[in-house]
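S.K.: Construct all of the structure, not just a fragment, from the sequences and the given hints.
Protein sequence lines, in the order shown, are assigned to chains A and B.
Counted the way my numbering counts, the first sequence spans residues 1 to 321.
Counted the way my numbering counts, the second sequence spans residues 322 to 1108.
Read the hints as simulated data drawn from the structure, not as lab findings.
Mixed in with the good hints there might be a few duds.
What the hints assert, rightly or not - Which chain A residues face chain B? A few, computed with CB under 7 Å, are given here:
# : residue
1 : V20
2 : Q24
3 : A29
4 : I30
5 : A50
6 : L97
Think of the CB as a built atom: it goes at the ideal place given N, C-alpha and C, for glycine as much as any other residue.
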Amino acid sequence: MKNNEKIIANIGTELDLDWVLMTQANTSAIERRANNIGNRRSIKKQYQAAWLLKAITLIDLTTLSGDDTEKRVHRLCAKGKQPISKLLVDELGIQTLKIQVGAICVYHEMVKTAVNALKNTTIPVAAVSTGFPAGLSPLNLRIKEIKESVKIGASEIDIVISRRHVLNGNWSALYEEVKLFKQACGNAHMKAILATGDLGTLRNVARASLVCMMAGADFIKTSTGKENINSTLPVTLTMLRQIRDFHERTGYHVGYKPAGGISKAKDALTYLSLIKDELGDQWLNPDLFRFGASSLLGDIERQLDHFNTGQYSANFRHGMG
Amino acid sequence: MIMTLNEIFNNMDWGTAPENNKIALSWIKEQDSTFNHFIGGEFVKAKNHFKTKNPANNQFLANIAVGSKSDVNLAVNSALKAQKKWIQIGCHGRSRYLYAIARLLQKHSRLFAVLETIDNGKPIRESRDIDIPLAIRHFYYHAGAAQLMKDNLPGYEAIGVCGQIIPWNFPLLMLAWKIAPAIAMGNTVVLKPAEYTSLTAMLFAQICIEANIPKGVINIVTGDGVTGSLITNHKLIDKIAFTGSTEVGRIIRSQTAGTGKSLTLELGGKSPYIVFDDADVDSAIEGLVDSIWLNQGQVCCAGSRLLVHETISDQFYKKLKKRMKKLRIGDPLDKSIDMGAIVDPKQLSSISKLIKRNSHEGNFFQPNNKIPSKGCYFPPTLITEMEPSATLMQEEIFGPVLVSTTFRTPNEAIALANNTKYGLAASIWTENINLALDLAPKIQCGVVWINSVNQFDAAAGFGGRRESGFGREGGSEGLLAYVKPKIKTYPLKPQRRFEKNKPKLNSYDDLDKTLKLYIGGRQVRPDSGYSNPIYGPKGLITHVADGNRKDIRNAVEAAHKASAWGRSPGHLKAQILYYLAENLEKRSLEFTENIMSTTGTKKELIKKEIETSISRLFSYAAWADKFDGSVHDVPIRGVTLAMNEPIGVVGAICPEEFPLLGFISIAAPLIATGNRSVIIPSASYPNIALNFYEILETSDVPAGVLNIITGFEDDLVKTLSEHHDVAALWYFGAGKNSGKIEKLSSNSVKRTWVNNNQGRDWLSNGEGKEFLRNATDIKNIWIPYGE
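M.R.: Take a look at the structure:
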């Protein structure tokens, strides 16, 4: 059954170092759970189709490339508004679901284009910010960058943390930094990117997750997509458990966004299974969960096509994003 | 009702993901839904059959044959007939057959998995991802064990015909654990699957035919406990291997006592699951799902006793309950469920009754999860705030019920962990490696999982202590359960005893020597106040104390006090053993005279006895820091240490012959491996061993490590056998007490090593690994790592 508990936005807490330092993450045990979730939960037939439709609504359809152009962003937004073909929507009988992606995620320079393209829709524009992806530009500029993006219409800001604060164990510096970012975001939702591939250990991932939530993050997000290792199931499990702990202790709901490397429909189902088992149904909605992905949508379209016709599909049958 | 995409989109239910059982059901139909015994390579029609059902829906599956006396006879005889040839085929030849079985199991793996699930009720995920792959792995591993037998076990040979009785909780996996090592080592087998779950064994029999396994090497007779006891009591069977309840294990120990059959038992458990405050709590909770809720808790090594650090217990229980609410219980064939059906209505009712009667012992919690209305289901259950004395903290439930209490310190955790009659497994959760590795050896059990649980692999040994049984399955240690050393033995005859021909040997000028008992490092008068005369060929030599059951009790207590010996380094043990040799050599003249006047043996032979004794002490001094276990190659990122641990307090009855060498041959390996022993010296010439206690005193042997009790062997043996705090008993006497020891040891499920009234040449055949292995239990400690 759907949990209808009201989502309580995170306004942050004091930095509780005792809590942070008590937090442990045992890599082998976490891997064991992460590696068998896919075999423990199997979503089939119409359930699989419905879950994949849900997955589409959870995608932050993303382009973060040096060669992004206005036209490219336009095309992406068009796909975001209509992620699956009208024909398929009709045949599946899901017109009322009004399937659209969770957000369009772009660099600051593309925000205006995206906002314009998505006028008259409810799809938010997310901007990566704060010197993305390394986060090493001057602090005042990083804060300014957030404000600029918000000013031109980004309603979600994906910030990157200073990895060095984690690696140096300087939790108060991390806390202060993220808090400043959150203030700069104002009403825009802040997703804190941990760049987990840079953090060295799952214990660091767990502790950094907590500190970001204490500093007021609305979402915690794994990666920029630019690190060597992006979202993995063990990292996901580690972060989800911190979100759960934070919710249990503070009552606040913090969202989760895995990013990078999730390109198969089957992977998406595994992630959703893990979310459902570890956090609950409430997190299976765009307010609390997003996939940061660019090629995932294509695979989901093919799977839905297959569900509809019983025949394996091909890429060329589906409009590009 | 079929949900629409819109509905599912909104409620995001799991739905169902049923595994198709069509092929499995039609396989059963192809056999006319009736199965017969597999004997001598073919299916032999049985007279009577019973019905086996699917516990998930109570539907009839098939008729299973009831093994009668003549069926069992036929099976045993065909196994007997096949054995010689099976050995002649050679290591490589046997290896090829085991390999063929492994390959065929793999080819039919899904059919095995589905059959297992419909017969047993376990989730298809488990049979598909755990049971069947582990069974296949077992045959691969043992194909290798067969190939390498000559290199790895020189001086050992097959035992003969093995009777194997397996439980219903992991039907095919237990079959693999039994059959693979047995046939790899050159034995032939008669296996009886559990009454509730015979189907995968029947499919396995077909695979044996496909693999062209020589007729009679593998025989499978189905049936209930009656058929089982026909096997355990069969005269032509050389070895019994049993996995099942402690209750039945005791009966089998008792039935096989004195028959010369070797025996290994893998019995019940109440394994501790210890969580410290610095553990990864979420992972520890998930571990419980893989532990007490694996296979509906019907797992002998399930972490059924949760011990939580007091500082985190409230938070831990809260999280655990939340996790329990997420467990999905239902159709075992559904790929998305966590718990399936209990194996049989009888088992369900035994769990229900035990819980109903005793749930008031603590805070009872069952989540409100959906459970099918039909079939054998029991919800996951947690009972906290339990006192260690509570029934449910002591008794094995064998269901999805977790009981829990808290501890304050590591020492208290150890004490609680060991406060059980069982000793199978333990799981320890802490991020502190010092703590984990300190605890692992201190818990009385055969398997320890650090920050993990229920890890199994063919390369690692599995088995218990105390009332969880003895013997190991898997790994190099598991092979030892299916081989015997090739040594020459001969029927024992009592030694010459001298009559009271002369009142006193010594002249009255000699001071009378008083030989007492040796307990806790002190010479102690016997509780009885009586002494017995010892006569040599020339008359009375001395008196020795007439020890009784109270002296045994005191000696066992003293031995327990010396537990530090078990943890002392090998180097120290070696030094003391060398020192014993040194001091014995100093007094060799005196010993020569004493032995001569006591036994009348020729001087030449006595000289040899003393030289060999000294050399033997050197051997065990050498072994003391070299019998050091191994690291098993298991498929995890981590290490699995197979540690040789002292068994604990061991009773030992020396051979009658060679009063000095016999005593040294028994005492030295026990000392070298860290055991504390209570030794009954040669029945006819006990004074020689008593002469040795002065050497013990001058050689820095700590008090209590070695205790010597003289007296009437039959009485002392009874007390030792029945003593619950004596972990093992060795018997080399000539008093025909082997059967008695085995029988009386059944209550405490003691590990015994008896001579069955067969003697050995102690000069040439009285030392080495055989002794060390019998003096140690192997503990497998699984240590996953990775950051």
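S.K.: If a hint holds in the structure, say so; if it doesn't, say that too.
M.R.: Cross-check of the supplied hints:
The beta carbon of A/V20 is not positioned within 7 Å of any beta carbon in chain B (closest approach about 14 Å), and the interface hint is therefore violated. For A/Q24, the interface hint holds, the least distance from its beta-carbon to any beta-carbon of chain B being 4 Å, beneath 7 Å. Given hint, A/A29 at the interface with chain B, holds; its Cβ is 4 Å from that chain's nearest Cβ, closer than 7 Å. For A/I30, the interface hint holds, the least distance from its beta-carbon to any beta-carbon of chain B being 6 Å, beneath 7 Å.
A least Cβ separation of about 3 Å between A/A50 and chain B falls short of the 7 Å threshold, and the interface hint therefore holds. Using the Cβ-Cβ criterion of 7 Å, the hint placing A/L97 at the interface with chain B is satisfied: the shortest such distance is roughly 6 Å.
When each numbered hint is compared with the structure, a violation occurs for hint 1 only.
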